[in-house]
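Heads up: the sequence lines are chains A and B, in that order. In case it helps, our numbering puts the first sequence at residues 1 to 277. In case it helps, our numbering puts the second sequence at residues 1 to 503.
Careful, some of the hints might be misleading.
Unchecked claim - A few chain A residues that don't get close to chain B, going by computed Cβ distances all over 10 angstroms:
id, residue
1, L66
2, I84
3, E173
4, K186
5, P241
As the list claims (entries may be wrong) - Simulated crosslink set (DSSO-like; lysine-lysine; CA at most 30 angstroms straight-line):
id, chain 1, residue 1, chain 2, residue 2
6, A, K138, A, K112
7, B, K88, B, K37
8, B, K353, A, K117
9, B, K397, A, K220
10, B, K426, A, K203
11, B, K37, A, K94
12, A, K44, B, K180
13, B, K153, B, K88
14, B, K368, A, K220
15, B, K84, B, K153
16, B, K465, A, K186
17, B, K368, B, K426
18, B, K44, A, K203
19, B, K31, B, K84
20, B, K465, A, K112
21, A, K220, B, K145
22, B, K393, B, K369
23, B, K465, B, K500
24, B, K369, A, K220
25, A, K186, B, K36
26, A, K117, B, K56
27, A, K203, B, K31
If you're looking for bench data, these hints aren't it; they were derived computationally from the structure. These figures come from a predicted structure and were not determined experimentally. Idealized CB from N, CA, C, for every residue including glycine.
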Amino acid sequence: MNFLVFVPVIALLIALRFTKLSILLWQFVIFAACFILLKFGFTKPLPMSVVNLFSGIIAVSLFAYLSFDNENFSKSLKELKTFITERQYALWLKIVIIVIPIGFGVNVYIKKSQGIKPPVFGRSIHPAPPTSTSFRGKTIDLVAGENPFRPLKATNPDSFLVHVDNGERVYCEQCSYCHGGNMESKGLFAHALDPIPIKFADKTILPDLQESFLFWRIAKGGPDLPDEAAPWASSMPAFEPFLTENEIWDVLLYMYEFNGMTPRAISAHAGGGGGEH
Amino acid sequence: MRIGLFILIAVVCCFAREPRLGTEAEREAGKIVYMKKCASCHGKKGDGKGNVFGFKPVPRDFTLSSYKLRSTPSGELPTHEDLKGAVKKGMPYTGMLAWPDLSEEDLDNVVYFLKSYDETFSDPDYLVDPLPLPEAPPFSEESAKNGFELYKKNKCFDCHGDIGRGNGPSAPTTKDSYQKPLRPADLTKRWTFRNGPTRKEMYRSLLTGLDGTPMASYKDLMKPEEIWNVVDYVYSISNELPNFTTLALASAIDGDIDLSLGDSLFVNAEAANFPVFGQIMEPGREFFPGINAVEVKAVYDTASIAIMLTYHDMSMQINGSNDPTAEVPLYTPDWVKPTDSISDAVAIQIPSKMPDGFIKPYFLFGDKKRSVDIWFADLAKKEADVYVGKGSKKLVKQEKSNVEVVSSYDDGVWKVIFKRPRRIEKGLPFEVEQFIPIALSFWDGHEKNRGNYRCVTSWYNIYLKPAKEESPFLPAAKTAIWVLVIELLIVFFVRRRSAKSPE
Chain A
1 MNFLVFVPVI ALLIALRFTK LSILLWQFVI FAACFILLKF GFTKPLPMSV VNLFSGIIAV
61 SLFAYLSFDN ENFSKSLKEL KTFITERQYA LWLKIVIIVI PIGFGVNVYI KKSQGIKPPV
121 FGRSIHPAPP TSTSFRGKTI DLVAGENPFR PLKATNPDSF LVHVDNGERV YCEQCSYCHG
181 GNMESKGLFA HALDPIPIKF ADKTILPDLQ ESFLFWRIAK GGPDLPDEAA PWASSMPAFE
241 PFLTENEIWD VLLYMYEFNG MTPRAISAHA GGGGGEH
Chain B
1 MRIGLFILIA VVCCFAREPR LGTEAEREAG KIVYMKKCAS CHGKKGDGKG NVFGFKPVPR
61 DFTLSSYKLR STPSGELPTH EDLKGAVKKG MPYTGMLAWP DLSEEDLDNV VYFLKSYDET
121 FSDPDYLVDP LPLPEAPPFS EESAKNGFEL YKKNKCFDCH GDIGRGNGPS APTTKDSYQK
181 PLRPADLTKR WTFRNGPTRK EMYRSLLTGL DGTPMASYKD LMKPEEIWNV VDYVYSISNE
241 LPNFTTLALA SAIDGDIDLS LGDSLFVNAE AANFPVFGQI MEPGREFFPG INAVEVKAVY
301 DTASIAIMLT YHDMSMQING SNDPTAEVPL YTPDWVKPTD SISDAVAIQI PSKMPDGFIK
361 PYFLFGDKKR SVDIWFADLA KKEADVYVGK GSKKLVKQEK SNVEVVSSYD DGVWKVIFKR
421 PRRIEKGLPF EVEQFIPIAL SFWDGHEKNR GNYRCVTSWY NIYLKPAKEE SPFLPAAKTA
481 IWVLVIELLI VFFVRRRSAK SPE
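If we strip away everything but chain A, and leave its shape as in the complex, we get (with noise of 0.2 angstroms):
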């Protein structure tokens, strides 16, 4: 966050609550300073279309919030109509005027001029699984399927030490040149993949997906990702060809317990993995 900006974005919108003015300017003065603080208050800029999103969505809320209430709507609709008709007022309305079409010249004007960037589409990154899958020829449970070796880890943990081992040992030979030993995403080939390697140290991936999906997402990679996931926007490889089941649950304790973090438990949520991130 940029202090510079947020805080006095923020005194001024507090000291709007006691000022008094016109509706219209008002809201001109709450859509800037959202705007203001969506592009300039983080020190990580916040894409464009991020942006743009947030601020449509506080425009329409404005107008929804203006036209909630007749007495409020009319008003506004008066003002303006005062600002244009009335004489007093004549010297502003030129300046609005031409201020607009210059602000949006300029824009076309700067976008234009950016040079040709190709277009960035848009992908969910952890698409809804199917409810089963096919493996080597053995049906898995995608929705209730657990991973069968988990439980050891009560019931008998030096066994389930062993199979974290094996899954230490799978990680490295086909997981580390993408995802890194480090599990940031910075492995040997992570520079060269578009769009990049998902990076298991985040907080916010692995406890928030169930082991059957992830399952799913190894064993098939991005060539079984349905259509909505952009199927072939992933480098991700079916690792079907090369690992066994046991090896697949074998990596997936040890991407947990590197992190130290649990998956998902099934009955918080039994539609799978999916949702967005």
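Given the coordinates of chain A, assemble chain B onto it according to the supplied hints.
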């Protein structure tokens, strides 16, 4: 007072000579970090025999007292700080990651622990002082010029090539102390240097050498200022960053594209650099690609488009042949001997038709639903073949090829120019102002790359810039005028209505 100071200095010096091995508790703490974060590659016994089978160079064996990154003379042990630095910074383009998030304490502990694998670390006789590592003097062209003479005099070209592209005569046969093939650094790509890309780090590499590799120490062969000369030469021929991008722009040219003009066709075209990585997604996995970057340039005329791929390759292989459909094993056994029967090859891949929306064919030779066209150039031949791909195992060679190719290899650099009519009967047309997906494949004959055992890129875009670039002023003025007109209309109507019905 003065005597006290002397004693103090003496004591400090004595302590400095004492090996830094940490306390029992620190080593135990380091062991936990090591077992969690290092052992999977370097092995639980520190012998470099962890769970890796693809990494080249192989992980360090901590029992052998041989280290690449040191500030000490060649053959000596590294200092505590050297080891910490190597862990923290990692080594680019190897399996050794950077671990910047480890705390100073963890770094100290893990280094204390890994020293316990090697008795020589605890022997004070093996303790040496680091060599002086001065701050870099300012770069000068003069110094770089001297550097080039010294580069030749010291036979650097034998491994690194005449002008530093890592393609010297010995390059294909250099090995490390583990007797595994090791490619000499491509000195034009500073971002891949194991010791780091700064001039000071380059000086350190030359001064101390990289033990366990053919890179020797030049401490006794050159004076410090001469080493700085060589550093400046390497600096002058290299880029610090690869400047990777995702878009290649094709420029319009007047007249017809004449392939016999070669790369001079592209003098005014903008270069785009794409990263290249190993195909590890499907069987036939390539874990250590011989090619790590490619430069793409493109031009078009009214009838055709020409795309030039420029990339560094340690050795030219134009004996034998290559085939994108060749059968390859799931994994290629490690350290196969190079043969003369497999040639270098490259391919450009585009979708067979323009994708609707964002769904492209699979980047590895397409898929069942969406096919790709592959322009395949076996560099041992003078023509290109066209394949239609519906997956890596489903390539169909087309009877007629509408793609021409010319290629040349000069001092470590392949230049391959493809030319195709912009509009063909069956296939994606190259129209202006469209983002056309493009992906590339490379087969390094030296590594026996063939079939699916190859180097690849992700999907990128190629865009044909219109011949005349529109000034941004016109559309901006147009927008402004439209907005102005709408405003005036609003004002006009509001005023008229209020004039009609005064409240």
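Hint by hint, here is what the structure shows:
1. L66: holds, 18 angstroms
2. I84: Per Cβ check, I84 (chain A) is inside 10 angstroms of chain B; nearest 5 angstroms; violated.
3. E173: At roughly 6 angstroms from the nearest Cβ of chain B, E173 (chain A) sits no farther out than 10 angstroms, so the non-interface label is violated.
4. K186: violated, 6 angstroms
5. P241: violated, 6 angstroms
6. A:K138 <-> A:K112: violated, 55 angstroms
7. B:K88 <-> B:K37: Holds - the C-alpha atoms of K37 (chain B) and K88 (chain B) are around 13 angstroms apart, at most 30 angstroms.
8. B:K353 <-> A:K117: holds, 21 angstroms
9. B:K397 <-> A:K220: holds, 28 angstroms
10. B:K426 <-> A:K203: Cα-Cα ~49 angstroms, so violated.
11. B:K37 <-> A:K94: The hint is violated at about 68 angstroms.
12. A:K44 <-> B:K180: violated, 44 angstroms
13. B:K153 <-> B:K88: Distance of about 35 angstroms is beyond 30 angstroms: violated.
14. B:K368 <-> A:K220: The given pair, whose Cα atoms are some 15 angstroms apart, holds under the 30 angstroms limit.
15. B:K84 <-> B:K153: violated, 35 angstroms
16. B:K465 <-> A:K186: violated, 34 angstroms
17. B:K368 <-> B:K426: holds, 18 angstroms
18. B:K44 <-> A:K203: With a Cα-Cα distance of about 28 angstroms, the restraint between K44 (chain B) and K203 (chain A) holds, given a limit of 30 angstroms.
19. B:K31 <-> B:K84: holds, 15 angstroms
20. B:K465 <-> A:K112: Cα-Cα ~14 angstroms, so holds.
21. A:K220 <-> B:K145: violated, 55 angstroms
22. B:K393 <-> B:K369: OK: K393 (chain B) and K369 (chain B) at ~14 angstroms, within 30 angstroms.
23. B:K465 <-> B:K500: violated, 54 angstroms
24. B:K369 <-> A:K220: holds, 17 angstroms
25. A:K186 <-> B:K36: holds, 17 angstroms
26. A:K117 <-> B:K56: violated, 36 angstroms
27. A:K203 <-> B:K31: The hint holds at about 25 angstroms.
Hints 2, 3, 4, 5, 6, 10, 11, 12, 13, 15, 16, 21, 23, 26 from the earlier list are contradicted by this structure; the remaining hints agree with it.
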